[in-house]
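J.: Got chain A; can you put chain B on it based on the hints?
Protein chains in written order, with the numbering used here: chain A, 1 to 284; chain B, 1 to 328.
Keep in mind that the hints were calculated from the coordinates and are not lab data.
Nothing here was measured: the structure is a model prediction, and the numbers come from that model.
Among the hints, a few may not be true.
What the hints assert, rightly or not - Partial list, computed: chain A residues near chain B (C-beta under 7 Å):
#, residue
1, Ala20
2, Ser22
3, Ala24
4, Ile29
5, Arg107
6, Phe111
All C-beta atoms, glycine included, are put in the ideal place defined by N, C-alpha and C.
The residues making up each chain are set out below.
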Amino acid sequence: MSETVVSAPAVRRRGAASAAWSNARAVYIIWYRDVLRYSRERAQVVASLAQPLLYLIIFGTGLSSAIGGARFGPSGANYQTFIYPGIIGMTILFTSIFGAMSVVWDREFGFLKEVLVAPIDRSAVAIGKTLGGATRAMIQGLLLLVLAPLIGVALSVGSILGIVVLAFILAFALSALGVALAARMRSMQGFQVVMNFLMLPMFFLSGALFPLSGLPDWMTILTRLDPATYGMDALRRAVLGSAADPLGVSLFGQIVPIWLEALILIAFGLVMLGLAVRSFQVRD
Amino acid sequence: MDQPVAIAAEGLVKKFGEIEAVKGIDLSVRTGEIFGFLGPNGAGKSTTINILCTLMKATAGNAAVAGVDVERDPAGVRSRIGLVFQDPSLDQQLTARENLEFHAFMYNVPAAVRGQRIAEVLEMVDLADRANSIVMTFSGGMRRRLEIARGILHTPTVLFLDEPTIGLDPQTRRHIWSYLEALRDREKITIFMTTHYMDEAEYCDRIAIIDHGSIVGLGTPDELKATVGGDVVTITTADNHAAATELSERFQLAPMVDNGTLRVEVDDGAGFVPRLVRELSVPVESVAFRRPSLDDVFLKLTGRAIREEEAGPKDMLRMMGRAWGGRR
Numbered sequence: 001m002s003e004t005v006v007s008a009p010a011v012r013r014r015g016a017a018s019a020a021w022s023n024a025r026a027v028y029i030i031w032y033r034d035v036l037r038y039s040r041e042r043a044q045v046v047a048s049l050a051q052p053l054l055y056l057i058i059f060g061t062g063l064s065s066a067i068g069g070a071r072f073g074p075s076g077a078n079y080q081t082f083i084y085p086g087i088i089g090m091t092i093l094f095t096s097i098f099g100a101m102s103v104v105w106d107r108e109f110g111f112l113k114e115v116l117v118a119p120i121d122r123s124a125v126a127i128g129k130t131l132g133g134a135t136r137a138m139i140q141g142l143l144l145l146v147l148a149p150l151i152g153v154a155l156s157v158g159s160i161l162g163i164v165v166l167a168f169i170l171a172f173a174l175s176a177l178g179v180a181l182a183a184r185m186r187s188m189q190g191f192q193v194v195m196n197f198l199m200l201p202m203f204f205l206s207g208a209l210f211p212l213s214g215l216p217d218w219m220t221i222l223t224r225l226d227p228a229t230y231g232m233d234a235l236r237r238a239v240l241g242s243a244a245d246p247l248g249v250s251l252f253g254q255i256v257p258i259w260l261e262a263l264i265l266i267a268f269g270l271v272m273l274g275l276a277v278r279s280f281q282v283r284d
Numbered sequence: 001m002d003q004p005v006a007i008a009a010e011g012l013v014k015k016f017g018e019i020e021a022v023k024g025i026d027l028s029v030r031t032g033e034i035f036g037f038l039g040p041n042g043a044g045k046s047t048t049i050n051i052l053c054t055l056m057k058a059t060a061g062n063a064a065v066a067g068v069d070v071e072r073d074p075a076g077v078r079s080r081i082g083l084v085f086q087d088p089s090l091d092q093q094l095t096a097r098e099n100l101e102f103h104a105f106m107y108n109v110p111a112a113v114r115g116q117r118i119a120e121v122l123e124m125v126d127l128a129d130r131a132n133s134i135v136m137t138f139s140g141g142m143r144r145r146l147e148i149a150r151g152i153l154h155t156p157t158v159l160f161l162d163e164p165t166i167g168l169d170p171q172t173r174r175h176i177w178s179y180l181e182a183l184r185d186r187e188k189i190t191i192f193m194t195t196h197y198m199d200e201a202e203y204c205d206r207i208a209i210i211d212h213g214s215i216v217g218l219g220t221p222d223e224l225k226a227t228v229g230g231d232v233v234t235i236t237t238a239d240n241h242a243a244a245t246e247l248s249e250r251f252q253l254a255p256m257v258d259n260g261t262l263r264v265e266v267d268d269g270a271g272f273v274p275r276l277v278r279e280l281s282v283p284v285e286s287v288a289f290r291r292p293s294l295d296d297v298f299l300k301l302t303g304r305a306i307r308e309e310e311a312g313p314k315d316m317l318r319m320m321g322r323a324w325g326g327r328r
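In isolation and in its complexed conformation, chain A is listed as follows (with noise of 0.2 Å):
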């Protein structure tokens, strides 16, 4: 044989640097594709609005009239302004679970390889996948804050500002929870095992529907344990004012402050993202 092998140049060392800049352009144009894509389904975007209409006028009007326009909080809000910020974090919630299910999608329809092939690390997609999931599920939820005439909520440049920090926080916690679950499925079929029992039983237990005060202990204990209640009440707070602070969730009998808030949100979405990133880690 007149065949000579290559001397491999001895584990090519790129520097640092340099890929840490090739993964943050992985994770831009990851993150890239899932708003491009977003921005084409408009038709899908203005569908998905359905469900939060729903709840908004029909069983808020229904359940607003059953419980004899009862008044919540000190600002008295009626039931309809009291669930339309847990309507915008229910919008983020399933959005974001909903949106981290296209990891399955592209794992059934093959560009999953495409993208795990490439020489980056995986910890590029994970991020670049839930900030992906994040940014659509923000904006999904955001889109309802047109609706606040409607509600009788007025809305101050500052209030926004602060709603679009909350809804991105609570987005990304909850996007980077629905990545690090679906890099573990291998098929559509576990979804509905999300669904049942992971999606709907935070949404029912985030205090979304009704305040999360005077429950029985073993489902206070629950409602504390959810994540999304903390995105939910925070939500609640920025949309209606500081009026509603007092209706805020309270731990070890004491209100939490919308900073915490936040910050245990962003906790729980970094272990999350970690979890996602060893997922995507695991070669056959």
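T.: Below, chain B alone, put in the same frame as chain A:
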């Protein structure tokens, strides 16, 4: 003249539990050659390709692609190879150009050359005029071409193709091949591909025949065919069984029964046929002789024919998926 090695593998073994899918494969693929990996389904082709592409870890043995060890520096290998998978892996909701842009970012193609390189590869596979169409509207052949364009976008030194033409009609398959050959000449790229279509293997510079996880034959198509002997004679008779006995006893040949016909290898087919018809006691119904094909090589090496009908249910599903176009 010394030629550098694009792919080198020694003693590759892959076990899935108790099952040994790959049983110690040695390979040496030269730079710039089209190397075919030929074998039936389940022979270990895809497993081997997955190990070389760093998608799977070998149980034992070692391999280097483009001079980089697959075990020690998988990312280094991945940046130097292009991949076209057996199953489609495009984002069907994006345009051809957007799919390529995604790839360019993932493979760190410098921004300065990105647009030009994308135009170049689209031109190469005749898709320049469809650059801004959504992939969902593409035919199976167009999607494959786009995947090939994507595979070479980041100027890899080795291009791996896993059954690149499975499920495509013969005309499209020929088309894909002309692109691959042009590509090799233009980009000086090494092409490593698996196939179970014998006629396609003819396009390769060298072929390895793999069966039950081991390489059973290696060489150029002509070299392999030369191992079969001069000519292949296929005979049908009134009683194939009796004829087979007679052929081996009186003619000192090794007849093989295949699908109701007998086949023997002889040095001189033109001289053998008249003698056969004259001397065989069993009446001959038909007889034909031809130069050996790779099918004959495969039959000789493995004792059975490779057939497209061997495609398993999963392949059938794949073909249907392609035939029906967009699945989403």
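J.: Holds or violated: alanine 24 (chain A) as interface residue toward chain B, Cβ cutoff 7 Å?
T.: violated, 10 Å
J.: Taking the least C-beta to C-beta distance, is serine 22 (chain A) closer than 7 Å to chain B?
T.: Holds, about 4 Å.
J.: Does phenylalanine 111 (chain A) meet its interface restraint, that is, does its C-beta lie within less than 7 Å of any C-beta in chain B?
T.: holds, 5 Å
J.: Would the stated hint for alanine 20 (chain A) survive a check requiring a Cβ distance to chain B of less than 7 Å?
T.: Violated. Min distance 12 Å.
J.: Let's test the interface hint: is any C-beta of chain B closer than 7 Å to that of arginine 107 (chain A)?
T.: violated, 11 Å
J.: Holds or violated: the hint that isoleucine 29 (chain A) contacts chain B, with Cβ atoms closer than 7 Å.
T.: Where the cut-off is 7 Å and the nearest Cβ of chain B is about 4 Å from isoleucine 29 (chain A), the hint holds.
In summary, the numbered hints that this structure violates are 1, 3, 5.
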